[in-house]
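S.K.: Chain order of the listed sequences is S and C.
Residues in the first sequence are numbered consecutively from 6, following the numbering used here.
Residues in the second sequence are numbered consecutively from -14, following the numbering used here.
It is worth saying that the hints were derived from the structure and are not from the lab.
All residues carry an ideal CB built from backbone N, CA and C; glycine is no exception.
Check before you lean on any hint, since a few could be wrong.
Ranges between beta-carbon positions, derived for each pair [stated by the list, open to error]:
| hint | chain 1 | residue 1 | chain 2 | residue 2 | range |
| --- | --- | --- | --- | --- | --- |
| 1 | S | R62 | C | H(-10) | 41 to 47 Å |
| 2 | S | K460 | C | E110 | 28 to 34 Å |
| 3 | S | G495 | C | A(-9) | 32 to 38 Å |
| 4 | S | K735 | C | K(-5) | 36 to 42 Å |
| 5 | C | K139 | S | K735 | 18 to 24 Å |
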Amino acid sequence: MPEDKLEREEKLQGMGVSRKRKEDARFIRGQGSYVDDIKLPGMLFGAIVRSPYAHARIRSIDKTKALQVPGVVAVLTADDLKPVKLHWMPTLGGDVQAVLADKKVCFQLQEVAFVIASDRYAAADGADAVEVDYEELPAIVDPKKSMDQDAPIIREDIADKDNVGHGPRTHPNHIFTWDAGDRAGTDAVFASAAVTVREEILNPRVHPCPLETCGCVASFDKVRGQLTVYLTSQAPHLVRTVVAMLSGIPESKIRIIGGDIGGGFGNKVPVYPGYVAAIVASIVTGVPIKWIESRIDNISTTGFARDYHGVGELAADEDGRIKALRFTALADHGAFNSHVSATKLPAGLFSICTGSYAVPKAYCRVDAVYTNKAPGGVAYRCSLRVTEAVYLIERMIDVLAQKLNIDKAEIRRRNFVKAEQFPYTTSLGWTLDSGNYHAALEKVLAAVDYDGLRKEQAEKRARGELMGIGISTFTEIVGAGPNKVCDILGIALFDSCDIRVNPTGSAIARLGTMSQGQGHATTYAQIIATELGLPSEEIQIEEGDTDKAPYGAGTWGSRSTPVAGAAAARAARKIKEKARKIAAHLLEVGEGDLEWDIDRFRVKGNPTEAKTMKDIAMAAHTSSIPDGMEKGLDATEYYDPPNMTFPFGAYVCVVDIDRYSGETKVRRFYALDDCGTRINPMIIEGQIHGGLTEAFAVAMGQAMPFDENGNHLGNSLMDYFLPTAVETPKWETDFTVTPCPHHPIGAKGVAESPHVGGIPCFTNAIVDAFAHLGVTHMDMPHTSFRVWKQCKALGIHQR
Amino acid sequence: MAKKHAVTFKLNGKEVDVVVPPRELLIHTLRERLQHTGPHIGCETSHCGACTVDLDGMSVKSCTVLTVQCNGAEVLTIEGFAAGGELSVLQEAFTEEHGLQCGYCTPGMITRAHRLLKENPDPSEEEIRYWMAGNLCRCTGYQNIVKAVQYAAKKLSAQAPA
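Given the sequences, and given the hints that come with them, work out the whole structure.
M.R.: Structure, rendered in structure tokens:
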């Protein structure tokens, strides 16, 4: 490229550049604006009284002592919320959930009362002083016992309903049964298959645990009838709609402000009782109310993930070519179905479970049940139920390889969808947009010297040492989504971008998404910079304030780049089309005589005759535009993606296990990701490091245990595993680029791939270490104690 | 109601006076009485390190220090790092090496890294990981945080008088 072009390109800091983040300036100075930093005049604090029991009837609630605590202003219970019909709220799963417990509690630490006081200490004292008389009921903890004939009924409020939004129910504790695929055809293949394998595989109940818990400051202005809520939400517009539906306040008078969010990972998608209680409290008292969740409340009550009790089955020929797949899961949804899911997809995107493989026949089914555990069901750094699906297929293909004594890389080669088969429609109905799975796997195997590792493993096995090599060649499904199939509470999952170019050539863009650390202010500006030829430094990005940004479904399910990023590119293209007309007018040539050149339109064959986008921006605000053309250089795009995007990757993990202690050392983790066109390589790499670390956390230590009465046995950071810098492995990253054919800039999502693809890679490595001893599966989390128990079961734990 | 106590300490070099109940935690005094919202609250049990401040030359988690314990102390928070508006080397390092994402752990991380480099100006990677283990990050996977500390160590040692 000629020097002046390089210079102009460099000046834009557009797509493909590892541009430094614009967000950092405030964060490194401690000047972020997180919800707990918000302080409004006259603000009071709310604290929640929670149930000590997992299942109990509330006989009475006595507020007397609490109201005598210095600083306590009021105590709200379900009875206080009833007159305004706010004691129950709709969930994102089509069910209802108690804001404050109505006559009974259905999970431990359920919200029972809301104490309002002058400061957080007084509020906590007040909450301690509320006296609740409970009659304890038997609890259901094991989802396998939920639908027993004599099982206690958890949800008396809906006991007589034969449907809670997703088809017929067969038991009062049954929520839905959802399936996909050709059941009879699949059964027939299994009946005559040369080889079949079956494994029970658990994705235990875990929690995303962002470093900032959930919270809000609700401020109702009685005079203006306006409600402003600063709230930790990954989807502020959806929250606004839910609040409008609930409160009856016109949506135009509700303003939700996301501010800075201290990590989300799915935890901050739903609407939680604490938010609603704070909003009601502000409406009642007329002053701002702050409610901030404690860490224990966060882990215990908002946003658990997974709890999928799966059964994987594959049928194959003797060469390991998969002929059919049958995956089922029993899903423990807790006491209310607040699973985040598209209305038509109650089990989310579980049917992506055919993975990267050509599977001729497939059937999958999910049965969801109530138990006496907290509701939530968020997608922890993944799209809806995708980790569960990918974990099953990536585990099962290893199980099949072991059964047939085929190498675990080779069995993947034999089953991959081939590069020339894309777009490829799976037997469960998804059309994989693009991929090059063989190339990705071979690149990784060469990088880690896979053959050398297998040789080393054989030598170690001969010496009685445990070394495991895990492979994961996953396909993700992200970017919800095509509006025909994806909606939440009836609202289609489009996203939006509104760009305004100023006369002097700077611009502001507002989007319907909400960054929680992903660096949107940096990357969206890069997309627009390249599209419009304006420097990203001069493009301001705003999101998360519903009074300013256009409507969108928010940031979750890796949908920001696939949906809002596409909206940004398309809005910019609308502006560029208008700019072309203005340039032609200014240069007195036909539009067809112009060509785009980085930051300007120039006349073909006469490159000195040109108008830069900055020239055009000024002209658009003067009278030098064609007659009849509207002034300004603005555009808005609401984008309905034609398909999901399907990022993929090939990962290899190498572990060494001490058979006497069960301690696992991750020696190497090599991650190749293909997310199509890469907008900012630095940010992509950062996202992959983070996603792999969360995968490591889930695979190696995270789980939320309960006793038989439904008591939490680990809900503080004392017990719940968040890896530190010491135990976190070092990550090696790599990439290939297979652009998405239907996305305007060819990009796919990326942030969730390392989590989704990483978890099975760790388990596959650990099981592989024991494969020669006949072990086919070990459930997560792979703590030293649990791995040691495996060694003990095999009798190899003693010197 | 418990008697309140007058407490005087130095916050980022400036003397401050507060009157607090005996049970008030330093993090709440800093954030709610003194408008220093840089240090954050992540767990309230001393595990996450988001509230890390420097107290008399030691890294402490200000969610488990009583304000009354700080009488006469010198407290350094993230707000004290960009002296005269110019970024400190550590602040520069975190942005150069992409050592932050959501930013919630960042003030604590930088404050902790400051103490690490004061006590060990030339740490190995292993030492950095060990010394930073009291500060949790959910976004970055630590790799770039380690690089940021290395960047700062290198730059600071180049600046130091021989």
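S.K.: Next step is simple, just say for each hint if it's right about the structure.
M.R.: Verification of the hints:
no.	hint	result
1	S/R62 <-> C/H(-10): 41 to 47 Å	holds, 45 Å
2	S/K460 <-> C/E110: 28 to 34 Å	holds, 29 Å
3	S/G495 <-> C/A(-9): 32 to 38 Å	violated, 58 Å
4	S/K735 <-> C/K(-5): 36 to 42 Å	holds, 40 Å
5	C/K139 <-> S/K735: 18 to 24 Å	holds, 19 Å
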